[in-house]
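Asks: Each chain, letter by letter, is given below.
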Amino acid sequence: MSTLDTIIIDGLAFALPMFIMAIGGIFSEKSGITNLALEGLQGFGAFCGGLTAVLMLRSFEGSSQIPYYVSFIAAIAGGMIYSLIHVALCIKFRANQVISGVVVNILAVALTVFLAKRINDGVFGQPSNKFVLETSVRFSVPGLSRIPVIGAIFKNVYPFEVMIIVIAALMWFVMYRTPFGMHLRACGDNPHAADAAGINVNRVRTIAVMISGGLSAIAGMSYAYSITSNFSPDIFLGYGYLSIAALIFGNWSVLPTLGACLIFGFARSSGQALITQLGMPSSYNDLVRILPYLLTLLLLIFFSKHNNSPRALGEIYDKGKR
Amino acid sequence: MSDSGYIIEMKHITKRFPGLIANDDVSLGIRKGEIFALLGENGAGKSTLMSVLFGMYEPDEGEIFLRGEKVRIASPRKATEMGIGMVHQHFRLVSNYTITENIILGSEPLKRVLGFIPCVNMKKAEADIAALSEKYGLKVDPKAVISDLNVSTQQRVEILKMLYRDAEILIFDEPTAVLTPQEIEFLLDIIRGLRDSGKTVIIITHKLEEIKSVADRCAVLNRGKLIDVLDVATTSTAEMARLMVGREVSFTSDKTEAQPKETVLKVEGLTVEGEAGNEAVKDVSFEIHAGEIFALAGVSGNGQNELADAIAGLKTAVRGRIYLNGTDITDLSIRKRTEAGVAYIPEDRHNVGLVLPFTLSENLALKRYYKDGFSKKTIIDRKAFEENGTRMIEEFDIRSSRGNKTVTAAMSGGNQQKAIIAREIALKTPLIIFMQPTRGLDIGAISNIHKQMIAERDRGAAVLLISLELDEIMDCADTIGVIFDGRINRIAKASELSVNEVGRFMMGVEDKQGGGTNKVRTGGTAS
Ligand SMILES: Nc1ncnc2c1ncn2[C@@H]1O[C@H](COP(=O)(O)OP(=O)(O)O)[C@@H](O)[C@H]1O
Ligand SMILES: [Mg+2]
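Line by line, the protein sequences are chains A and B.
The working numbering puts the first residue of the first sequence at 1, with every later residue one more than the last.
The working numbering puts the first residue of the second sequence at 1001, with every later residue one more than the last.
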């Protein structure tokens, strides 16, 4: 496999989960709720999915794919339920949304590590804070994967990448074509207008944040099956924050956000490829991991001027205020 | 329809807010197919009464009958279902949506994709909106985005929103406050058209001419109480004004001859940039003397804002000098200018005039809070704030629900303006700039502000009045300047200019004595 192939394959495997997480962020923020909690949501989702997977692996054949898919469903459910903390703090108790997001993140790290230890101890009888998963199977599309260069897109594909693309297309449709999406975007621009049109602003926002919980969990689970191949505190590496950066560069719209995610993904994979090529010690890998963040800093300088965030983003909605 | 012939009856409606009664036992009936006006000063309770009818507030006491049946209107959604629509003072539009999207929001026409996925049928919606706007003569482009539209078009969108939901009873809350005279004419025509097509219209306003020209009947509110319901055709505007204010109001300000003394403000060759980086004010020069009201007339958007901001220090001059009592203040900061003697009543009350989330007493101290008497050794003296507030509230009759402690955002527009004027006048500066001081206010408040302005002049202040209302200019000015396209093209004693002449200069007619026809220049139209 050529270096270029590796760059494309690894880049996509990193970028796509980030993309689905960013779409979750877009849903939440377009409805008017600032969501820094993506990091915590993906981690908590991965925890729930990871736990489900290790529990199920004991009773299924090694080659069965059922635990794989069930674990994603469990992750989504876990992420959505966990996002209710953000919902409660921001919507019910009208807390500051930035602080709420940070709280959700910190709590996620503490809670999942604690629970993972207790469960490993109690259920499996081994003291560890990890749920070891097998790396996901991969497949190549016959024919297409032989095309030079772009064929790499169809080579060594994780099943979750396909799932993410399908879900992303579906979410785009929901956002821009359905009444619900229209209500959601209205709530983020002028909740008073939405309210006057008979829309229940708090309900729409609750659903939006839960969607961000579910989509982030897909991302977390994907990382657990690929980059880390386990659930462990390593899942909290800041990819959630990176996806927030991506959606900001993407101006809160879906396709430009995909572009930003791909840039981050390829920056990371080409850095890694470079190190392999130069035969540098693997400790330099850690250095490469900062590439996307460095890129974030640079992009911030250029893009922060002309971003147009949803007008009512982060504002606490108060019916009486005019 | 009930035997009473009323489509709506409000009986003994009382609505209290903490510390005040906004509606006090109000009973009225509105007939189907009439234009019913609601008249009253700022804070009289008009918006509150209509908000009750639209389901935004529940009345504390009283009942509402709709088409003869007793109803409980628990939410705007219920009101909409009952065929009641309302255009609020502040529009409720989603700024990044198209006109169509705004109108259909909440009741979208659907189509099924692949036979089962519901999605918004935008094509049908756009066609519906186009047809609707055609039917009522409210021309709009269904695909235009709200943030690109001017106020008058946005208002049309609000009207279409009601019509799209088949509202039969249409409530307009001060619809003309934000419009130009031509737009007002157009709106009143639309309203007449709506009545003729069978709708019932309720219009809140404090402009008497509008009521005269459009309404069939008119209810007068004063401090929450219903004073009377009048037949418009048989009642004079003077009578309406008297009932509304609760006392006689003089329409003409009785002011004495000006006694101008030394020059206070001298502007020399001033050039100021506008928002777009264009030259909004071009090489303007004039003087104002102590004891003189200099009124600057002009159509909106001809450089007035920039000129006032430059003198007050909110904008820097590109070229030219500004002198106050002989000293050059061109490069001074805003605070230094205030201390040198410039008071400024800005056009934008909410963003420039007040800090809305602050209390009344804080806002009243805004220009002096750091001084001795308001703070001791840089620590704010709350008590001094309160004393100052109490004194000013008394002296200037500023009405609010909680006095000193009222958050200014919760005050009515008229009282917000009173607070700003009180604060600025109290500085006792040699120069006071009044920018559109009476915009959106009722005649009682207007005549008070004019009196205060004249009193300041008589005290010996130089007054710069900038107004879009020609009547106001003619009533108050000692000297009139007319600004067009950033230049002052005429300055003369008020007694030497007729309304028509001023109007012509406002349109940019060249000042050519004799020879040739008058030429109208383009540019600088109302924005
Ligand atoms: N939500 C509110 N909370 C407290 N006071 C209010 C509120 N809305 C209006 N008021 C007060 O009730 C009075 C009547 O207000 P409003 O109905 O808006 O008057 P109008 O429309 O006639 O100018 C005013 O004194 C105003 O300050
Ligand atoms: Mg009002």
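Quick caveat, the hints were computed from the structure, so don't treat them as lab data.
A quick note: this is a predicted structure, and the numbers were derived from the prediction, not measured.
Each residue gets a CB set at the ideal place from its N, CA and C atoms; glycine is no exception.
Incorrect hints may appear among the rest.
[Said to hold, decoys possible] To give an idea of the interface, some chain B residues facing chain A are shown, with a C-beta separation under 8 Å as derived from the structure:
# : residue
1 : P1076
2 : R1077
3 : R1092
4 : V1094
5 : P1118
6 : V1120
Asks: All the hints need checking, so say for each whether the structure fits it.
Replies: Status of the hints after comparison with the structure:
1. P1076: Interface hint status for P1076/B: holds (6 Å vs cutoff 8 Å).
2. R1077: holds, 4 Å
3. R1092: holds, 4 Å
4. V1094: With a minimum Cβ separation of about 5 Å from chain A (threshold 8 Å), the hint on V1094/B holds.
5. P1118: holds, 7 Å
6. V1120: Hint on V1120/B: holds, closest Cβ of chain A at ~6 Å, below 8 Å.
Checked against the numbered hints listed earlier, the structure breaks none of them; every hint is satisfied.
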